[in-house]
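Participant: Letter by letter, the chains look like this.
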Amino acid sequence: MYSFTTLIQIIETLGILAFAFSGFVEARRKDMDLVGVFTVAFITAFGGGTLRDLLLDRRPLFWVEHQEYTLLVFILAMVVTPFMRHLRFAFSEKMLVTADAFGLGLFSVLGASLAKEAGMPLFVSVMMGVITGIFGGVLRDVICNEIPMVFRRGQLYATCAFLGCWCYLLLAKVHVPEVLSLSVSILLTVIIRLLAVRFNLRLPA
Amino acid sequence: MYSFTTLIQIIETLGILAFAFSGFVEARRKDMDLVGVFTVAFITAFGGGTLRDLLLDRRPLFWVEHQEYTLLVFILAMVVTPFMRHLRFAFSEKMLVTADAFGLGLFSVLGASLAKEAGMPLFVSVMMGVITGIFGGVLRDVICNEIPMVFRRGQLYATCAFLGCWCYLLLAKVHVPEVLSLSVSILLTVIIRLLAVRFNLRLPA
Amino acid sequence: MYSFTTLIQIIETLGILAFAFSGFVEARRKDMDLVGVFTVAFITAFGGGTLRDLLLDRRPLFWVEHQEYTLLVFILAMVVTPFMRHLRFAFSEKMLVTADAFGLGLFSVLGASLAKEAGMPLFVSVMMGVITGIFGGVLRDVICNEIPMVFRRGQLYATCAFLGCWCYLLLAKVHVPEVLSLSVSILLTVIIRLLAVRFNLRLPA
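Protein sequences, first through last, are from chains V, A and Y. If you're matching positions, the first sequence starts at 1 in our numbering and goes up one per residue. If you're matching positions, the second sequence starts at 1001 in our numbering and goes up one per residue. If you're matching positions, the third sequence starts at 2001 in our numbering and goes up one per residue.
Any given hint could turn out to be false.
Reference excerpt, derived from the structure (chain A facing chain V, CB under 7 Å, subset only) [unchecked claim]:
id : residue
1  : D1033
2  : L1034
3  : V1035
4  : T1039
5  : R1059
6  : V1064
7  : Q1067
8  : T1070
9  : L1071
Taking CB as the label site, the calculated pair distances span [stated by the list, open to error]:
id : chain 1 : residue 1 : chain 2 : residue 2 : range
10 : A       : V1142     : V       : G119      : 30 to 36 Å
11 : Y       : V2142     : V       : I75       : 25 to 31 Å
12 : A       : P1082     : V       : S3        : 43 to 49 Å
13 : Y       : E2068     : A       : R1058     : 21 to 27 Å
14 : Y       : E2093     : V       : K173      : 56 to 62 Å
These aren't lab readings, by the way, just hints derived from the structure by calculation. If you're wondering where the values come from, they're calculated on a predicted model, not measured in any experiment. Glycine included, each C-beta is placed from N, C-alpha and C at the ideal position.
Kindly produce the complete structure, drawing on both the sequences and the hints.
Facilitator: What follows is the structure, given as structure tokens:
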């Protein structure tokens, strides 16, 4: 399963980059110093996956097995932080929401995939995916004293992860190749989330 | 131990219903949408037991082993949410406190029982019970931006779970039948909690 | 490794005392009752180490293996709480910060040491140490509705634990005796933290 492992690592790296970036943006808006920026980025990027690994009893934890992930976020925090000061656009709500949408899609579908691999029943796999996708962002927002996006103004959030995970599990059920079912489901999640923000889509209260 | 397993499942189901209901009430008061309601109910109902299973290293997690629990909360959220809109009384503080009291009693005594089964020492079993009982409600209140009940206005809360767990462990020590010692201790916890709210019982500051 | 085990227990006991004391001070300032004081002290003292044990998959948890730790905090809460009322000085910000600095130093260096023992790679060991050191205090501050010290006003906090953990791992690498490398690194962390508060040392924003 060499290619599957590689695929996981690519998805994880992209998800970590997306969530770490959202952490940078949020921490910078709160005028945190370098360590604050790194800590928030670290917690956002690794929070969801760590909870997933604890719940699924997967050891070693994904960021212990891949020390380079933590180093990546550390180096990014040191390189990006002074650089970002000069990039006004990077602080916009839009950048934050977009980075967060990619993190959400990548981590939730990957979470559902790993839960399925671990032999979890269908509905539990979906919930594991949703938890993996939203937990890092919830921690970021709680630490930065914001109401977590998942509960904010009712725009579709967890619902996007929920749909993406079902999409993946159904595609996997009918034996669509792994690369395809993962990519399609991740893109679906990201697109629904961005459309929800753009057109202010909500569930009825 | 067929009957013991059945007993656990009955207690768990009742505790999940009680905590999920308290989650519905709290989430509805905050005008959350369906997914918000489900998420808060899910976290309230499964938070305490999940932490218990992580601390005791019990696998699979209780809601992974019993997929029907998560489905139950999901279906309830879909059925109850629109229905609750028309039931004024359901939003009252009293309903919330009562449902929470039952969840507290059921989960804390069950937590102490499972910790004892796992061979934990006496005082640790009590603490495990208290943690199991209060953690779901603490998460619910933190998410909904309320000061957790356990710290609110000093009415007896954790103390009720503390007494209930000691009661259970002492009854179990003198070989009172499991069904009896569980029921008595759960009822004791619920009654002390409701009396504490009714008569505003507090510990000295 | 008799002496190493004893050494760990001494460090853990001191760290628990320091963090529990900081929990007492914080909870008393919020006018919590006895159970509130105990709960906050308990969470502060055991939060970091519990997360460490979960992440490193160390069982039994350190406070399950040593039931006396939980009893110690319980008895302290009962003995110290009424006594503290008459000690004005004990409520000062200075006492809180000092106790917290010792807890930070003791738990972070011990965390790095246990992570190294568990065969974690270098950078991961440092992060485990930092997490162990700061998590209890973060929980204490979140519960008491304060912005966590680690994010407050930018005075060096996590950075002190970070430097202390690197110091320990480097000393251990060149085979400095365990007692010496632990003590030096713990003291280094505490001293940097106290100097940071005294002279308002900050990282650039």
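Participant: Run every hint past the structure and note whether it holds.
Facilitator: Do the hints match the structure? See the list:
no. : hint                            : in the structure
1   : D1033                           : 4 Å, holds
2   : L1034                           : 5 Å, holds
3   : V1035                           : 5 Å, holds
4   : T1039                           : 6 Å, holds
5   : R1059                           : 5 Å, holds
6   : V1064                           : 5 Å, holds
7   : Q1067                           : 4 Å, holds
8   : T1070                           : 6 Å, holds
9   : L1071                           : 6 Å, holds
10  : A:V1142 <-> V:G119: 30 to 36 Å  : 32 Å, holds
11  : Y:V2142 <-> V:I75: 25 to 31 Å   : 29 Å, holds
12  : A:P1082 <-> V:S3: 43 to 49 Å    : 46 Å, holds
13  : Y:E2068 <-> A:R1058: 21 to 27 Å : 24 Å, holds
14  : Y:E2093 <-> V:K173: 56 to 62 Å  : 59 Å, holds
Hint compliance for this structure: no hint is broken.
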